[in-house]
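Student: Listed here are the chains, written in short residue letters.
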Amino acid sequence: DSGVTQTPKHLITATGQRVTLRCSPRSGDLSVYWYQQSLDQGLQFLIQYYNGEERAKGNILERFSAQQFPDLHSELNLSSLELGDSALYFCASSGTSGGLNEQFFGPGTRLTVL
Amino acid sequence: GQNIDQPTEMTATEGAIVQINCTYQTSGFNGLFWYQQHAGEAPTFLSYNVLDGLEEKGRFSSFLSRSKGYSYLLLKELQMKDSASYLCAVRHGSSNTGKLIFGQGTTLQVKP
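Chains as they are written, first to last, in the numbering used here: chain S, 316 to 429; chain D, 9 to 120.
A few of these clues could be false.
Only pairs whose alpha carbons sit at most 20 Å apart, straight line, appear in this in silico DMTMM-like list of lysine to aspartate or glutamate [unchecked claim]: (1) S/K372 <-> S/E390; (2) D/K76 <-> D/D90; (3) D/K65 <-> S/E390; (4) D/K76 <-> D/E49; (5) D/K89 <-> S/D316; (6) S/K372 <-> S/D344; (7) D/K119 <-> D/E22; (8) D/K65 <-> D/E85; (9) S/K324 <-> D/E22.
Since the hints were derived computationally from the structure, they do not count as laboratory data.
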């Protein structure tokens, strides 16, 4: 158990809908990262937040947005869903100290768009 | 741009040693990570290199050559449970932050 929690575990929805994925980082971690993993694309970085502020952005679609709240949990919002958005969405967190600073991954949310 | 290459699949025998290579071309390099991922599960951290050389951690070792843009993960005394995908990832940014750019992963199958 990495200490990172994600809800829900599974989500099935229809095209055009909007969903919200939730992530709670490990206790004390200030950085939260979101990744998308689909069969043909591998793990793709979406966005990073650090202590409530956006820190880095990857190839995140305009239909997707995220935020990190004062209690450090984060939400990823996916709107106008398309079939191709079906994937595993992982959240990861890391601490603030220098050196190793590995990222710990949550169990993921499996999104199926029908 | 960023490009990370790993072999797609490898097969090895239980008890043997296997080396998984990773080459990368990227700017803003700040460390190379190896993760293990079983199907449908979260990636779990294996090793980290930021300086050239070999890092050993039990049955797992990782090597980095920054000048060659090359790393490898060495797995010794293979066990059946080592059958998984192995992901090479390059970190960008400062030591406190920074996104990970992942390779496509190497699926390792360990046979009896």
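Student: Decide, hint by hint, whether the structure agrees.
Tutor: How the hints compare with the structure:
Distance restraint check for S/K372 and S/E390: the Cα-Cα separation of roughly 15 Å lies within the 20 Å cut-off, and the hinted pair is therefore satisfied. For the suggested pair D/K76 and D/D90, the alpha carbons sit about 28 Å apart, so the restraint of at most 20 Å is broken. Distance check on the hinted pair: D/K65 and S/E390 sit about 35 Å apart at the alpha-carbon level, beyond 20 Å; violated. Distance check on the hinted pair: D/K76 and D/E49 sit about 32 Å apart at the alpha-carbon level, beyond 20 Å; violated.
Simply put, D/K89 and S/D316 have alpha-carbon atoms about 17 Å apart, close enough for the 20 Å limit, and the pair holds. Simply put, S/K372 and S/D344 have alpha-carbon atoms about 19 Å apart, close enough for the 20 Å limit, and the pair holds. Distance check on the hinted pair: D/K119 and D/E22 sit about 6 Å apart at the alpha-carbon level, within 20 Å; holds. At most 20 Å may separate the alpha-carbon atoms for a hinted pair to count; D/K65 and D/E85 meet this at roughly 13 Å.
The hinted pair formed by S/K324 and D/E22 fails the criterion: a straight-line CA distance of about 33 Å is larger than 20 Å.
Consistency with the previously given hints fails for numbers 2, 3, 4, 9, ordered from lowest to highest.
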